[in-house]
Amino acid sequence: MANITLRVNGSAHTVDVEPSTPLLYILRNDLGLQGPRFGCGLGQCGACTVIINGAAVRSCITPTASVRGEVTTLEGLAQDGKLHPLQQAWIDEQAPQCGFCQNGQIMTAKALLDKNPHPTDEQIRQGMAGTLCRCMTYYRVQAAIKRAAGRNS
Amino acid sequence: MIRREFLKTSGMLIVGVSAGAIVGPFAIDVDAQGAARGLYPDPDYHQLDSWIVIHDDNTATFFVGKTDCGQGTGTSFRQMMSDELDIAFDKTTCVMGTTDITVDQGGSGGSDAIQTDGWPMRRVAAEARRVLLDMGSQRLGVPIAGLTVSNAVITAKNDPSKHVSYGELVGGKKFNVTLTGANIDATTGVAKVKPVQELKMVGQSPQRYDIPAKVNGSLKWAVDVKLPGMVHARNVKPPVAGAKLIGVDESSVRNMPGFVKVVSKGNYVAVVCEREEQAIAAAKALKCNWQKPATPQLPNGSDGLFKYMRETMPKSSQAPNHIGNTDAAFANAAKVVEAEYDVPFQGHNALAPAHALADPSNGQMTIYSNDMKSYGMRNGVATFLGMPREQVRVIWMEGPQGYGRTAADDAGFEAAYIAKELGRPVRMQWMRDEEQAWDTKGPAFTFKIRGALDAQGNMTALDYTARSADYNHLGYNEPDTVLIAQLMGQRRDRPAAGSSAFPNDMYAIPNRRTLLEVVGLPLLWETPLRTGNLRDPNGPQSTFAAESFIDEMAFAAKADPIEFRMRMLMAGKDEDGGFKRARSIAVLKAAAEKFGWQPRPWPNANRGSGDILTGRGVSYTYRNQTVIAQIAEVEVNRKTGRVWVKRAVVGHDCGLVINPEALRRTIEGATQHGISRSLYEEVAFDTEKVLSKDWVTHPTLTHLDAPAQIDVVLVNGDPNPNRPDLPHYGAGEAAMKPVIAAVANAIFDATGVRFRRVPFRKERVLAALKAANV
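Each protein sequence line maps, in turn, to chains A and B.
Everything in the first sequence is counted per this note's numbering, starting at 15 for the first residue and increasing by one.
Everything in the second sequence is counted per this note's numbering, starting at 17 for the first residue and increasing by one.
It is possible that part of the hints are untrue.
As the list claims (entries may be wrong) - Derived DEER-like restraints, expressed as beta-carbon distance ranges:
#1 B:Arg270 to A:Asn17: 25 to 33 Å
#2 B:Glu779 to A:Pro131: 31 to 39 Å
#3 A:Ala69 to B:Thr713: 53 to 61 Å
#4 A:Thr134 to B:Ala310: 24 to 32 Å
#5 B:His62 to A:Pro131: 55 to 63 Å
#6 A:Ala143 to B:Ala783: 48 to 56 Å
#7 B:Asn305 to A:Gly24: 49 to 57 Å
#8 B:Gly402 to A:Ala69: 35 to 43 Å
#9 A:Gln140 to B:Gly320: 35 to 43 Å
#10 B:Gln223 to A:Gln140: 45 to 53 Å
#11 B:Arg616 to A:Ala143: 44 to 52 Å
Stated by the list, open to error - Straight line, CA to CA, 25 Å or less: simulated PhoX-like cross-link-like pairs of lysine-lysine:
#12 B:Lys208 to B:Lys260
#13 B:Lys662 to A:Lys160
#14 B:Lys323 to A:Lys96
#15 B:Lys662 to A:Lys96
#16 B:Lys351 to B:Lys189
#17 B:Lys107 to B:Lys189
#18 B:Lys242 to B:Lys189
#19 B:Lys208 to B:Lys242
#20 B:Lys236 to B:Lys331
In short, the hints are calculated from the structure, not lab data.
A quick note: this is a predicted structure, and the numbers were derived from the prediction, not measured.
Just so you know, even glycine gets a beta-carbon here, dropped at the ideal spot from N, CA and C.
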């Protein structure tokens, strides 16, 4: 066990855990966050996605001690009580079905748009390809990303 | 938490750490002292107070016994009930699926939420309105005929100064009105529901109330519940099917951090630790001595399975359903077509594995679960643990959808069992490999079909045999068939018979013979190939075979596939109360029009000369009373074998539509789910175990595969489309049913190659195209 300090959504937290513990369990069980969720524990589905240094990171396979930089979770996207444009687009498109994967969809899309604010359809498909949804909301999720990127289709 | 605070949460069920955190309707509140003692009575569906509570601030809460799997049924319930009650939609909330505060409507399943359970909801809301009008009449001294209601305010027609709100009449008080009805579906008061023409919210598309909390991270899911003193459990599954546990070496994990206990009985093993990551590590490290069965217990993969299914005597074989004289029709046929089709086991493969938290405090058992059939889990767990029903409750919360997986939920039983053993709250969470291998499977099918054409190219006979591997089909949360019970050695004398499936169509084929058979696999119990209800349990399989075959018949008849189908629909005389034949014609026409379908020779002469070949395919069926036609436009890459469904057009008639935009998204999801089952999904296994263990070994549809365009055409094909009693039919599963056939038919149009085995993965497509020199 070791004391590890994490910066998450603007606040610092110190936890006493086994350093190799995946970040996901620290965020969920020690910090009480609900955005990142367990889907596979293998980095294959994206449900656990958080953003670190601008990159979408699979927290289920990220050792906590390896984290350098601020961690942003779904809870940290809204600013001053205002939803992030992606979150609003998700509501406007009524994109989720069960919604369990949508943390990964939104966080992956945020990292995508932050790097490339005006992606083509193909860039959206490629950028989102590793983020799975078993309700198969892909069609609406892509529409929501285009909406958030200011496109009208 | 008090009622007012509850209302501010916009209808989301908020669960805190104490048993008293969830507020029930009055009928239940009177038993609050009982609840404190760990007693959870059944809400009485014959009491109006069990369904509807009017608050002081003139808002209402609806308590219904369903669960929303993400299709927005909760929003639709609010629309239907607020319409009947005459209260603004946004002044209502809806509580669902928690066994001690909502009446037992069975939870979700069978796409019956709107079709069946919506009716008692409408009737009790209408009854509440009637009772309130009665009260208003007395309060205002105005006869009921002289009153009008709008937005929960009753006003005298000839004197608008005379008015009283619902909240003023009954806010904070009980209705004390008894309802009637032999069962919960028949629950009714005296009032009649409104004619369709008077419904205002029904047919509109208010946004789903559950979505904001799902995109801002505030929703508390079943995976998020935390209780003081809770511990984490992980299962250790048999390494091969049919293995027996000889011993567990607890010393292999006893000194690991956070170790609490190994729980084991029969072939069931779980490890419990203080922290989640500790439980994962301990479950991996635990040394168990498993004895393999003397001979491998499973068929060798899907190839072995299909061979086994064809060669094995069925466990059940219904007497053939026979219309006309099929033998004579074949004897006189100008042309006979024969084909066989195969569909493998397909898993539920929920995005996240099974999970639940069980709290055994105060001698009761509370299970926080995403079980779509929470009521069944409550009964099942009570029996399994030998506890009185009154001491067990299930609090339904949102979870990852498996489209039937949680109808036979395992984690809730396991968490409750371990919690009772430990006397501490236990969170059970399955891992990905465990879920992929051991979740319930949609049954595999083989089909053998013959068809006869006369000299004019009319279909005169259909001889259809469907054989499923579905014996010992899992029931809903049964205490003796849920996996933990099987692993602990419970056996039924008579396993569930399982089922096979008819084709569902309204074609006028004068001579038909239909034979439905079910085979059992050698290993019936403790098998990872256990079958359960996967979204439209047998429909995608039977419709794949039947509608692929109709396409083959159309091709043999040199007819356009839509024209061929339409001819057989138009020739029919059969009709039923739901007017399925008339609506079938309307739906197929609407889909063809939207697609821009023009008859042309096929396979597609203009399919393309480069790597990409294009084609189109149609499929039609019905599910219960809902009629669907799917048209798929595909691109097949002849260099890679990859199939992309570029465009999907869905004609869909489910009668009265409650929320068109929520319905469209449900249909889009079901369509893409069907495409995933067409192109990817197959449980891989060898003779010992399931080999599908993650998203690499069990691929699924991804963003790369999303259609570029999905057109949903909502059809009202009722012969009397404006009838005031137009029913609302189900929609959760129907749209998936015809998808696989539409994709197969489109691939044939694009390539001239007929695929009779699901899924159409690129390796298989490429091999077939090469064999056919395409």
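Against the structure, the hints come out as follows:
1. B:Arg270 to A:Asn17: 25 to 33 Å: Between B:Arg270 and A:Asn17, where Cβ atoms are some 27 Å apart, the hint holds.
2. B:Glu779 to A:Pro131: 31 to 39 Å: Taking Cβ atoms as reference, B:Glu779 and A:Pro131 lie about 38 Å apart, which means the hint holds.
3. A:Ala69 to B:Thr713: 53 to 61 Å: Given range 53 to 61 Å: violated, Cβ gap about 27 Å.
4. A:Thr134 to B:Ala310: 24 to 32 Å: The hint (24 to 32 Å, Cβ to Cβ) is violated, given that A:Thr134 and B:Ala310 are roughly 59 Å apart.
5. B:His62 to A:Pro131: 55 to 63 Å: holds (59 Å)
6. A:Ala143 to B:Ala783: 48 to 56 Å: Given about 25 Å between the Cβ atoms, the range is violated.
7. B:Asn305 to A:Gly24: 49 to 57 Å: holds (51 Å)
8. B:Gly402 to A:Ala69: 35 to 43 Å: violated (52 Å)
9. A:Gln140 to B:Gly320: 35 to 43 Å: Cβ of A:Gln140 to Cβ of B:Gly320: about 37 Å, so the range 35 to 43 Å holds.
10. B:Gln223 to A:Gln140: 45 to 53 Å: violated (30 Å)
11. B:Arg616 to A:Ala143: 44 to 52 Å: Violated - the Cβ-Cβ distance for B:Arg616 and A:Ala143, about 35 Å, lies outside 44 to 52 Å.
12. B:Lys208 to B:Lys260: This hinted pair is violated, its Cα atoms lying about 59 Å apart.
13. B:Lys662 to A:Lys160: holds (18 Å)
14. B:Lys323 to A:Lys96: It is violated: about 59 Å lies between the C-alpha atoms, which goes past 25 Å.
15. B:Lys662 to A:Lys96: Status violated; Cα separation ~36 Å.
16. B:Lys351 to B:Lys189: The given pair, whose Cα atoms are some 73 Å apart, is violated under the 25 Å limit.
17. B:Lys107 to B:Lys189: Roughly 18 Å separates the two Cα atoms, so the pair holds.
18. B:Lys242 to B:Lys189: Not OK: B:Lys242 and B:Lys189 at ~34 Å, beyond 25 Å, violated.
19. B:Lys208 to B:Lys242: This hinted pair is violated, its Cα atoms lying about 45 Å apart.
20. B:Lys236 to B:Lys331: Violated, because 45 Å separates the two Cα atoms, which is more than 25 Å.
Checked against the numbered hints given earlier, this structure breaks hints 3, 4, 6, 8, 10, 11, 12, 14, 15, 16, 18, 19, 20; the rest are met.
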